[in-house]
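Participant: Taken in order, these protein sequences are the chains called A and B. Per the working numbering, the very first residue in the first sequence carries number 35; after that it's consecutive. Per the working numbering, the very first residue in the second sequence carries number 217; after that it's consecutive.
These are calculated hints, taken from the structure and not from any lab test. Backbone N, C-alpha and C define an ideal beta-carbon position, used for all residues, glycine too. Treat each hint with caution, since some may be false.
[What the hints assert, rightly or not] Quick look at which bits of chain A chain B covers, simulated, 3 or more residues with Cβ under 8 Å:
{"#": "1", "segment": "98 to 111"}
{"#": "2", "segment": "224 to 230"}
[Stated by the list, open to error] FRET-style restraints, in silico, Cβ to Cβ:
{"#": "3", "chain 1": "B", "residue 1": "M217", "chain 2": "A", "residue 2": "E234", "range": "58 to 64 Å"}
{"#": "4", "chain 1": "A", "residue 1": "H241", "chain 2": "B", "residue 2": "D338", "range": "34 to 40 Å"}
{"#": "5", "chain 1": "B", "residue 1": "Q231", "chain 2": "A", "residue 2": "S127", "range": "58 to 64 Å"}
{"#": "6", "chain 1": "A", "residue 1": "A238", "chain 2": "B", "residue 2": "G305", "range": "30 to 36 Å"}
{"#": "7", "chain 1": "B", "residue 1": "A261", "chain 2": "A", "residue 2": "D211", "range": "55 to 61 Å"}
{"#": "8", "chain 1": "A", "residue 1": "V61", "chain 2": "B", "residue 2": "P256", "range": "22 to 28 Å"}
{"#": "9", "chain 1": "B", "residue 1": "L249", "chain 2": "A", "residue 2": "G273", "range": "50 to 56 Å"}
{"#": "10", "chain 1": "A", "residue 1": "P186", "chain 2": "B", "residue 2": "R259", "range": "27 to 33 Å"}
{"#": "11", "chain 1": "A", "residue 1": "D114", "chain 2": "B", "residue 2": "L249", "range": "27 to 33 Å"}
{"#": "12", "chain 1": "B", "residue 1": "A330", "chain 2": "A", "residue 2": "D117", "range": "29 to 35 Å"}
{"#": "13", "chain 1": "A", "residue 1": "I122", "chain 2": "B", "residue 2": "Q231", "range": "48 to 54 Å"}
{"#": "14", "chain 1": "B", "residue 1": "D295", "chain 2": "A", "residue 2": "A220", "range": "15 to 21 Å"}
{"#": "15", "chain 1": "B", "residue 1": "S253", "chain 2": "A", "residue 2": "T213", "range": "34 to 40 Å"}
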Amino acid sequence: VTDEPAVSRKLAALGADKSIFRQGARVLSNGTNPTPLAALLDEVDNTVLKRDLTFRLADSLLSMTVAGRRVLTLVAASQDLSDAQALIALPLSHDEPEGFTALTAVLQQFTGQKDSLTVESTHSANTGSPTSIGIPVSRLAEALGLDLDAAPPSPLQMFLDACGMIFVATLTRSGEDWTCQAQDDALLPAMRHIAETQLEAFEAAAHDNSLPALKRPRLITIEGALEGAGCLSATWANGECALMAHDQSDLAEIHAIWRGIFAP
Amino acid sequence: MIAMVANELDALKSQFSACETIAFADLATNMVLVTNSDTPQERHALDQLCAEAALLLGNPDMPQLGTNAVISAVVSTQDHLRLFLRASGEPNDALCCVGSGDLDVQAFLPAAQACLHRISDDV
Numbered sequence: 035v036t037d038e039p040a041v042s043r044k045l046a047a048l049g050a051d052k053s054i055f056r057q058g059a060r061v062l063s064n065g066t067n068p069t070p071l072a073a074l075l076d077e078v079d080n081t082v083l084k085r086d087l088t089f090r091l092a093d094s095l096l097s098m099t100v101a102g103r104r105v106l107t108l109v110a111a112s113q114d115l116s117d118a119q120a121l122i123a124l125p126l127s128h129d130e131p132e133g134f135t136a137l138t139a140v141l142q143q144f145t146g147q148k149d150s151l152t153v154e155s156t157h158s159a160n161t162g163s164p165t166s167i168g169i170p171v172s173r174l175a176e177a178l179g180l181d182l183d184a185a186p187p188s189p190l191q192m193f194l195d196a197c198g199m200i201f202v203a204t205l206t207r208s209g210e211d212w213t214c215q216a217q218d219d220a221l222l223p224a225m226r227h228i229a230e231t232q233l234e235a236f237e238a239a240a241h242d243n244s245l246p247a248l249k250r251p252r253l254i255t256i257e258g259a260l261e262g263a264g265c266l267s268a269t270w271a272n273g274e275c276a277l278m279a280h281d282q283s284d285l286a287e288i289h290a291i292w293r294g295i296f297a298p
Numbered sequence: 217m218i219a220m221v222a223n224e225l226d227a228l229k230s231q232f233s234a235c236e237t238i239a240f241a242d243l244a245t246n247m248v249l250v251t252n253s254d255t256p257q258e259r260h261a262l263d264q265l266c267a268e269a270a271l272l273l274g275n276p277d278m279p280q281l282g283t284n285a286v287i288s289a290v291v292s293t294q295d296h297l298r299l300f301l302r303a304s305g306e307p308n309d310a311l312c313c314v315g316s317g318d319l320d321v322q323a324f325l326p327a328a329q330a331c332l333h334r335i336s337d338d339v
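Isolated chain B (complex conformation) (with noise of 0.2 Å):
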């Protein structure tokens, strides 16, 4: 299953040469369970990644920061880009995406959003 998923993150890396980071990471527990296989982020990393998610993607209920459920989140700083998607299936699937500020975020998104329900329907 661990294999599958990695696949599924190598895939949709391959597609988007500044992506660096994907992280397929359950909010409920604040893990990420896998990532694509030549990451350079260590574990400390990972789980500000996850921790970075849990807030911007907040409660389905509840969200940190709006009045509805979030879908997703994108956040640009002066070194990075970093997207966050929810499964609309499973609430608490979610991935996490590390990349450059040159990442095509508008074919990206939809992309990544069919890779997480992929993987969230078979997991």
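For reference, chain A alone in the conformation it holds in the complex (with noise of 0.2 Å):
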């Protein structure tokens, strides 16, 4: 039986954008997008052939036999993961509830800071116990609460969430059609007229100028600009685009989240 959507999800994969690699490893997130534990998880959904996927978070590494989308035992672990310790070289299957109960809070505990992952995948020299059935990716999504399948909310509306109640105002580009959000109102309507009678002529200056395209992500922040707020900012990513008012001491913050957002 086909599993579509399983295929789906595979082939958007291998037609992503390129693949990072920092020191031989590749990353599969940033801290941010995707967390870390869907970025391991969904790794460990896209292992069909058996092998050793090793990895490393900030100081901490956790390396793992995984093999038709399932997790069959835990080959090592950094010290600090104390709890992991005790997994390493068992058998690992869904129907024991206490490995499967101790491998998700290694999971959690692996992925709980907020750090980029990288990963490192080789031919397994583990050849496993028979009796190592493994634990199905979906069994460890489903505990931990995370659906594999779901479609990840664009960077642009996580950058967005992350800032919180940072922005007094923001407008959101969607197609045609913008949407605000505002704690100051009286801000809204200078906003609504740079969007819909600026904005335009803004990308098009910046096509003409041949500068850095508007294509790829960034953030703009002009201080002064609008009357009220301390600073406008503006950001591009992914074909959406977002307007925000906020307060000039929150300037070097706001870039930041960015940063850990879209700087690979």
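Two chains, two frames, a set of hints: combine them into the complex.
Facilitator: Written out as structure tokens, the structure reads:
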């Protein structure tokens, strides 16, 4: 029986942007987008042939033998992952609640830090135990409250969510329409004016000047441009655009959040 | 005069290791006039930097993006951080800066503004 959603996901993954490598390891997550936990489970979900996957996050390491989208056994773990030590080399099965619960705890502990996650995939030297039927990634995802089939929020939406209440007013462009969200409604008319009368000309001028294309993600903050607010920011990413009003004192934090999501 | 400006730019850059290039530009002619002495940027890149400054800072009476005169602009991309400042006394004098994402923007902006003020007063 063909699992069409799974096949579609694999094809989408194969057609996605080229991978980024850091010191020979493939970068799966920048710590935020996607989350390290989702990225780790997704990597297991994409592993059909038997492989040893070695994940690194900050100073932590977790290595596991994976096949058929199942975690067969843990191969190695850094000492800080205290709960993992007892699981190493043990055959895992979703029918063994103790090992299943322990593995979910290890995954949560490992991915708890907000840092970039990398993976190295090697042929497995681990012949494994014949009793090791493994734990399906779908069961792990279910236990950890993740939907592997769910479309993740767009990076721009993640950025707006991460900034929380920093923005006093936000206009987001989706297709031809703008949606607004504001703590301070007084700023909205000016922001709508900018969105409707200036933005298109600004984008065209950037293009005409051969400036680094707005097709690539960027965040611009303009100080003094908006009466009643310290700064006006604009961000473009993946065909989406948003205008945000905020205080000047939040400028550095906003750019740090943006880089955390968009910078590889 | 050029040496004085270059010294100012070098002095500012030396305070911020994450800063790579600082250029003093004239927005009226869209030209970078002086850069810090060890900038790795070539002429074409400097011209683009100046064009970006003109676009973001705009005309003092008519900003490209906004309803009021722009004081400064900060741009984050996946590779760089770029900052642009306009002199308060002479709207065509601008400072264009390129740095890495580690640049302490909150500390850099007032230091750069003071540097631009000194240069603009003396030029």
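Participant: Now tell me, hint by hint, if it's right for this structure.
Facilitator: For each hint, the structure was consulted:
Counting residues of the segment 98 to 111 of chain A whose C-beta lies closer than 8 Å to any C-beta of chain B gives 0; at least three are required, and the coverage claim is violated. Coverage of a stretch by a chain is defined here by at least three residues with a beta carbon nearer than 8 Å to that chain's beta carbons; for the segment 224 to 230 of chain A and chain B the count is 3, and the condition holds. Look at M217/B against E234/A: about 41 Å separates their beta carbons, and that is not inside 58 to 64 Å. For H241/A and D338/B, the Cβ-Cβ distance of about 37 Å falls inside the hinted range of 34 to 40 Å, so the restraint holds.
Look at Q231/B against S127/A: about 60 Å separates their beta carbons, and that is inside 58 to 64 Å. A hinted range of 30 to 36 Å holds for the C-beta pair A238/A and G305/B, which are about 32 Å apart. Separated by about 37 Å at the C-beta atoms, A261/B and D211/A break the suggested range of 55 to 61 Å. At about 26 Å, the CB distance of V61/A to P256/B agrees with the hint of 22 to 28 Å.
Between L249/B and G273/A the beta carbons are some 38 Å apart, a value that contradicts the proposed interval 50 to 56 Å. Here the CB-CB span from P186/A to R259/B is close to 42 Å, at odds with the stated 27 to 33 Å. Remark: the range hint 27 to 33 Å for D114/A to L249/B is contradicted by a beta-carbon distance near 54 Å. Hint check: A330/B to D117/A, Cβ distance near 54 Å, so the stated range 29 to 35 Å is violated.
Between I122/A and Q231/B the C-beta distance comes to about 50 Å, which sits within the given range of 48 to 54 Å. The hinted window of 15 to 21 Å between D295/B and A220/A is violated, with their beta carbons roughly 37 Å apart. Between S253/B and T213/A the Cβ separation comes to about 49 Å, which falls outside the hinted range of 34 to 40 Å.
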